[in-house]
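Add chain B to chain A, keeping to what the hints say.
Chains A and B supply the protein sequences, listed in that same order.
In case it helps, UniProt numbering puts the first sequence at residues 1 to 334.
In case it helps, UniProt numbering puts the second sequence at residues 1 to 334.
Hint data in this document are derived by calculation from the structure and do not stem from the laboratory.
Since this is a predicted model, take the numbers as computed values, not measurements.
Treat the hints with care, as some may be off.
Intra- or inter-copy, both count: the list cannot distinguish identical chains.
Stated by the list, open to error - Subject to a maximum C-alpha distance of 27 Å in a straight line, what follows is the list of computed DSS-like cross-link-like pairs (lysine-lysine): (1) K138 <-> K267; (2) K211 <-> K282; (3) K57 <-> K267; (4) K300 <-> K74; (5) K284 <-> K138; (6) K54 <-> K267; (7) K181 <-> K294; (8) K4 <-> K178; (9) K282 <-> K133; (10) K133 <-> K32; (11) K206 <-> K57; (12) K166 <-> K193; (13) K206 <-> K100; (14) K2 <-> K32.
In case you want the letters, here they are:
There are 2 protein chains.
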Amino acid sequence: MKAKQWVLKKQFQGNPKSSDVGIKEISLPNLKDGEVMIECLAISVDPYQRLFVKNAKPGDVMYGEQVAKVIESKNADYPVGAHVTTFAGWTTHAVVPGDKLVKVPEYPPDVPIGLALGLLGMTGLTAYYGLLKVGELKEGETVYVNAAAGAVGTVVGQLAKLKGCKVIGSAGSDDKVKYLKTELGFDEAFNYKTIPDMPTFEQTLKRLAPKGIDVFFENVGGLAFRAVLDQMNVDGRVALCGAISSYNSTDKFTPSIPSIGEPMTMKGLRITGFTGWAYSAKDKNNDGLKEMIKWVQEDKLKYPGHNFKGFENCFKAFLSLFTGDNIGKVLVTI
Amino acid sequence: MKAKQWVLKKQFQGNPKSSDVGIKEISLPNLKDGEVMIECLAISVDPYQRLFVKNAKPGDVMYGEQVAKVIESKNADYPVGAHVTTFAGWTTHAVVPGDKLVKVPEYPPDVPIGLALGLLGMTGLTAYYGLLKVGELKEGETVYVNAAAGAVGTVVGQLAKLKGCKVIGSAGSDDKVKYLKTELGFDEAFNYKTIPDMPTFEQTLKRLAPKGIDVFFENVGGLAFRAVLDQMNVDGRVALCGAISSYNSTDKFTPSIPSIGEPMTMKGLRITGFTGWAYSAKDKNNDGLKEMIKWVQEDKLKYPGHNFKGFENCFKAFLSLFTGDNIGKVLVTI
Numbered sequence: 001m002k003a004k005q006w007v008l009k010k011q012f013q014g015n016p017k018s019s020d021v022g023i024k025e026i027s028l029p030n031l032k033d034g035e036v037m038i039e040c041l042a043i044s045v046d047p048y049q050r051l052f053v054k055n056a057k058p059g060d061v062m063y064g065e066q067v068a069k070v071i072e073s074k075n076a077d078y079p080v081g082a083h084v085t086t087f088a089g090w091t092t093h094a095v096v097p098g099d100k101l102v103k104v105p106e107y108p109p110d111v112p113i114g115l116a117l118g119l120l121g122m123t124g125l126t127a128y129y130g131l132l133k134v135g136e137l138k139e140g141e142t143v144y145v146n147a148a149a150g151a152v153g154t155v156v157g158q159l160a161k162l163k164g165c166k167v168i169g170s171a172g173s174d175d176k177v178k179y180l181k182t183e184l185g186f187d188e189a190f191n192y193k194t195i196p197d198m199p200t201f202e203q204t205l206k207r208l209a210p211k212g213i214d215v216f217f218e219n220v221g222g223l224a225f226r227a228v229l230d231q232m233n234v235d236g237r238v239a240l241c242g243a244i245s246s247y248n249s250t251d252k253f254t255p256s257i258p259s260i261g262e263p264m265t266m267k268g269l270r271i272t273g274f275t276g277w278a279y280s281a282k283d284k285n286n287d288g289l290k291e292m293i294k295w296v297q298e299d300k301l302k303y304p305g306h307n308f309k310g311f312e313n314c315f316k317a318f319l320s321l322f323t324g325d326n327i328g329k330v331l332v333t334i
Numbered sequence: 001m002k003a004k005q006w007v008l009k010k011q012f013q014g015n016p017k018s019s020d021v022g023i024k025e026i027s028l029p030n031l032k033d034g035e036v037m038i039e040c041l042a043i044s045v046d047p048y049q050r051l052f053v054k055n056a057k058p059g060d061v062m063y064g065e066q067v068a069k070v071i072e073s074k075n076a077d078y079p080v081g082a083h084v085t086t087f088a089g090w091t092t093h094a095v096v097p098g099d100k101l102v103k104v105p106e107y108p109p110d111v112p113i114g115l116a117l118g119l120l121g122m123t124g125l126t127a128y129y130g131l132l133k134v135g136e137l138k139e140g141e142t143v144y145v146n147a148a149a150g151a152v153g154t155v156v157g158q159l160a161k162l163k164g165c166k167v168i169g170s171a172g173s174d175d176k177v178k179y180l181k182t183e184l185g186f187d188e189a190f191n192y193k194t195i196p197d198m199p200t201f202e203q204t205l206k207r208l209a210p211k212g213i214d215v216f217f218e219n220v221g222g223l224a225f226r227a228v229l230d231q232m233n234v235d236g237r238v239a240l241c242g243a244i245s246s247y248n249s250t251d252k253f254t255p256s257i258p259s260i261g262e263p264m265t266m267k268g269l270r271i272t273g274f275t276g277w278a279y280s281a282k283d284k285n286n287d288g289l290k291e292m293i294k295w296v297q298e299d300k301l302k303y304p305g306h307n308f309k310g311f312e313n314c315f316k317a318f319l320s321l322f323t324g325d326n327i328g329k330v331l332v333t334i
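Chain A extracted, bound-state conformation:
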């Protein structure tokens, strides 16, 4: 069996360029006991992959998760036809040992299998654990989430509403703002690109969250980070799951956030960095996933997304994460 793979040709410098990557074809080996052959159904593109490239070598397959169908099996736990997720990278086919596979649970009818990479996968669970475990959200509190129209942010806002909270989101276009308010039920939303400076940003938060912010779900980084801290309440929590504004920076010491000492100490704030993976690994019974599936069945969660079609569009899909053109989860369906 042949497989097509996206490989790194050259480490990214600043903004990733199409000349940094390429597609090659390889022949897959025969199966050994315990292994299966998978055919990719959809590939997840995510901002974190930008960071992983920093530790990759030229020739490495682009890192990432996919949902796939087992097409040949020497592992009784994963028979032909089973749906799995795995970190096989950007590849159309692969031979994978059973211990690198996660079985996709039976979905309700009409729920697309791609959700295993989004709402019912890494990004949805990142929102779930970040808001409810890291952020320790309590009923009646106020949440602010940036990159609110993204794969994680769209879920954060909906979960906050399910938990009886007020939620404010920021996004990069008027269309996104409208979508957040009319389709996803955000209480407030604003287009950060129309905000001219940090004092105006602070006034905007003050106006939209007059009782202050209790939980800040942070995906972005940059100057605004400090402005949000200044609007937080005593004992506020920051669930820090990303900092997309800095991922393409070539110098990690380029100043981009002002000192946070004053609001942190005076208000006893806590910032916790986390990944959905780390929390999923601790959640032995998959309680998070079970609760999310229940909400999907009850029609309580929407799952906007943008599907790029065709394996050759993986890199284009990846670049779209940094231009902010999409609402919800970005996938490549094969």
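Quick look at chain B alone, frame taken from chain A:
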């Protein structure tokens, strides 16, 4: 009774100037029931007072804690001769109601009463709660503390050693570095003023903490903040008690810390801002203070400090906090 008081004449802009403050004399009122008259023994000067001035008005007495002796009393709980601490500000005498006083416990012989403002007061307890509660320090871990020769840092290092940990400190002169290593038992110490750039700072930390840093006791802020995060271990904790590098800044959005998203998320780090006061208030039985007094009795804690003598030197003592001339706790004894 007359009292001398330091008052704010003009809000500080950038570095505090002596023309921003002045001394005035007032007449104290007669005591009402429940009140006492106190005579100041020593005044604490601390970096946090720089922040409090931002909320003060011209004419306000400079904010701060003092240890004092009761010289007249209409409160049976605080008889004449009792030692108390109170936030009466920079004043030689004051009339204070009983509910604004804290009794100083009986000290072991030879222990100076000024420790009620330092090792056995706010700064010592800030080190105690920050390292042991906020930082959740465990035996065998590695601690890095900056401003290590300061009132809080000198205690942090000693407590870390008492808890069987490795401790690395940074300070602003070779004399301080020598003092930390030879007198206070720090495992490693370095003079940050001799470090030419951030890559060298990182290499220094890597060399001195080859197993990585588990707890970062942060007093400073600035660019180095990010460099330390990069040397921290998975699940590391930052106890953020101050950011002296930014206190005299006139623009809170002057960038001074680079984005922290990458190390925070990838390593699941946690930053908790705190004050010693907030934790003292939670510690209803004063367990922290009792443990600290026990260690002093057992001769396990040293208490370096610099006493400015005379009420007229309060502002000079305060300015010395920002020039880094002193080791340990800075007090003004009256």
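Going through the hints against the structure:
1. K138 <-> K267: Both, since 18 Å and 26 Å are each at most 27 Å.
2. K211 <-> K282: between (34 Å within a copy, 25 Å between copies)
3. K57 <-> K267: Between copies, since 22 Å is at most 27 Å while 44 Å is not.
4. K300 <-> K74: Cα proximity of K300 and K74: none, with 39 Å in one copy and 64 Å across.
5. K284 <-> K138: both (23 Å within a copy, 26 Å between copies)
6. K54 <-> K267: Cα proximity of K54 and K267: across copies only (15 Å, versus 36 Å in one copy).
7. K181 <-> K294: within (24 Å within a copy, 59 Å between copies)
8. K4 <-> K178: neither (39 Å within a copy, 61 Å between copies)
9. K282 <-> K133: So K282 and K133 pass the 27 Å test inside a copy (11 Å) and across (23 Å) alike.
10. K133 <-> K32: neither (40 Å within a copy, 51 Å between copies)
11. K206 <-> K57: So K206 and K57 pass the 27 Å test across copies only (24 Å; inside, 46 Å).
12. K166 <-> K193: Result: close within a single copy only, 23 Å intra versus 47 Å inter.
13. K206 <-> K100: Neither. Shortest intra-copy (47 Å) and inter-copy (33 Å) distances fail the 27 Å Cα cut-off.
14. K2 <-> K32: For K2 and K32, the Cα distance is within 27 Å only inside one copy (17 Å; across copies 93 Å).
Checked against the numbered hints above, the structure breaks hints 4, 8, 10 and 13 and satisfies the rest.
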